[in-house]
Amino acid sequence: MNYPQAVQADTGPATGFPVETYRQDFPILEQTVRDMPLVYLDNAATAQKPRQVIEVLDDYYRSYNSNIHRGVHTLSELATDAYETARKKIQRFINAESLQEVIFVRGTTEGINLVAQSYGRSRLGAGDEIIVSTMEHHSNIVPWQLLCEQTGAVLKVIPINDAGELDMDEYKNLLNERTRIVAIVHISNALGTINPIAEITGQAHAAGAVVVIDGAQAAPHTKLDMAALDCDFYTFSGHKLFGPTGIGVLYGKQALLEDMPPYHGGGDMIKMVTFEKTLYNDLPYKFEAGTPYIAGVIGLGAAVDYVSDVDLDRIHDYEHGLLRYAAEAAATVPGLRLIGTAADKASILSFVVDGIHPHDLGTILDHDGIAIRTGHHCAMPVMERFGIPATARASFAFYNTTEEVDKLVAGIDKAKNIFK
Amino acid sequence: MFDLKDLYQEVIVDHNRSPRNFGELGPPGRKLEGFNPLCGDRLTLYLDQDGDRIADIKFNGSGCAISIASASLMTEGVKGKSVREAETVFAGFHELLTCADLDIDMTRMGKLAVLAGVRDYPSRVKCATLCWHTLHALLAGDEAPVSTE
Ligand SMILES: Cc1ncc(COP(=O)(O)O)c(C=O)c1O
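Which chain is which? The protein sequence lines are E and Z, in order.
So for the first sequence, the numbering used here puts the first residue at 1; every next one is plus one.
So for the second sequence, the numbering used here puts the first residue at 1001; every next one is plus one.
Chain E extracted, bound-state conformation:
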């Protein structure tokens, strides 16, 4: 299909967004699945990778694969330079004050565990309180439960309303002088809800607590601005941001990071080792023990370049239109109920259909080449809150189209026919 036609077809989202051009950057989208063109609507699980990222990974391994920070030879210098350049790109991408605040980790999960174990374990004690919310991914629940077991701290949970929004009044009630950490998801992967992070942070700071934000779903959909959010820690995964799996970022305010003990010990995170005393390295290296995923970091840098080039504000507008189109289409399907109808929502459509289990729906859609996620989305408390075992979830990226939404709806109709 050529570009002008595509724009005409896409009457829902903002016109003028060259979605067909962008689609051509993603080789995987040319695939067929079960003999049907792939309709990839599982972006919240992991996003596809543009050629611009794949080529950078390939180039690293083909032409300058080498360890970093330790060689005087040319390749090592090239690799170190590319690695540190990626850090600069990410610093700019999230508007962090300094490079020392950008730590490479394996992903969101590791970022949260690092904060829990390094910051939390050294500072919390019995009776201290940690606040999370009902809509957290398991990776923003379990690390805190572990910390509670280790320190005697107590976990408090902000409830959510029927639309899937945080109960901000209850949040205010939960905050008190014992609150030490507030750990909240920026955008819910199960509901799509966008949480008011700056407001949450302001109130937590007023109570003397530090704020940890799970940005796994936010990074691909909204412009990140650490200075504006003012949170103390923020973490996200590269693979949901069109970069490689196994690499992610932990942002932390420098003053806090300086005072925290290392998370892992090993090479790269030290200045000097003797058996009497070991001197830890400066930030950010103190938290980057061992040989990192060098290609991954460089690939993530390329991903950040790519999305910045497309422009997250335009991505946001386009996806918003796509979400509106999808929500309107879904509303025409009898028996379909959206789970998560927050006023402020990212392009994630979680739903259940009367008489059809999400897994059966997932299989039937897969048969038409449509990939969605079904299950509890690693957010079992959300399922419990809504009294359902699972949902079907279509999550959209900027390369998805209204035509794909139409295919989704046609697939749901097909499933309804099978189960009628």
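To be clear, the hints were calculated from the coordinates, so they are not data collected in a lab.
Note that beta-carbon positions come from the ideal geometry of N, C-alpha and C, so glycine has one too.
One should not assume that every hint holds.
What the hints assert, rightly or not - Chain E is faced by these chain Z residues, among others (derived, beta-carbon under 8 Å):
id	residue
1	Gly1040
2	Gly1063
3	Tyr1121
4	Pro1122
5	Val1125
Put chain Z with the ligand on the given structure of chain E with help from the hints.
Using the frame of chain E, we list chain Z with the ligand on its own:
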């Protein structure tokens, strides 16, 4: 090409809509829970054993059409059978869903053969076998809930 209708056959849709032997059995019958943490399917199996014989069997719970229909068909298939006969059916059923060659004597499987389509969807095999693993554990006298993971 593989047809969706082979997976969601009328029998499966029917057993999902109106599962047979759906309910509970009180003591002295035994019960055991089966759980698929990956998709949240949860079944409880109730068993009245008369010596070596499965005198009565019921189940309840929630799950996808494949897991509910499979449990329904299983209860129909093993009721009145000996423990050994039930285990033999399970072995055959498992083979039907997981073995590469289609050289299986389908007639031997009776009604259970309608679930053969699941073999083309490897991620769904656990849905069809959850009830069987639970029965197997229950017959073996296990008391800890069964998990497919
Ligand atoms: C909201 C949210 N938090 C955390 C995670 C965990 O991310 P990862 O598995 O990349 O560490 C995910 C992704 O599954 C997520 O959607």
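Outcome of the hint check:
no.: 1; hint: Gly1040; verdict: holds (4 Å)
no.: 2; hint: Gly1063; verdict: holds (7 Å)
no.: 3; hint: Tyr1121; verdict: holds (6 Å)
no.: 4; hint: Pro1122; verdict: violated (11 Å)
no.: 5; hint: Val1125; verdict: violated (12 Å)
The structure fails hints 4, 5 (numbered hints given earlier, in ascending order).
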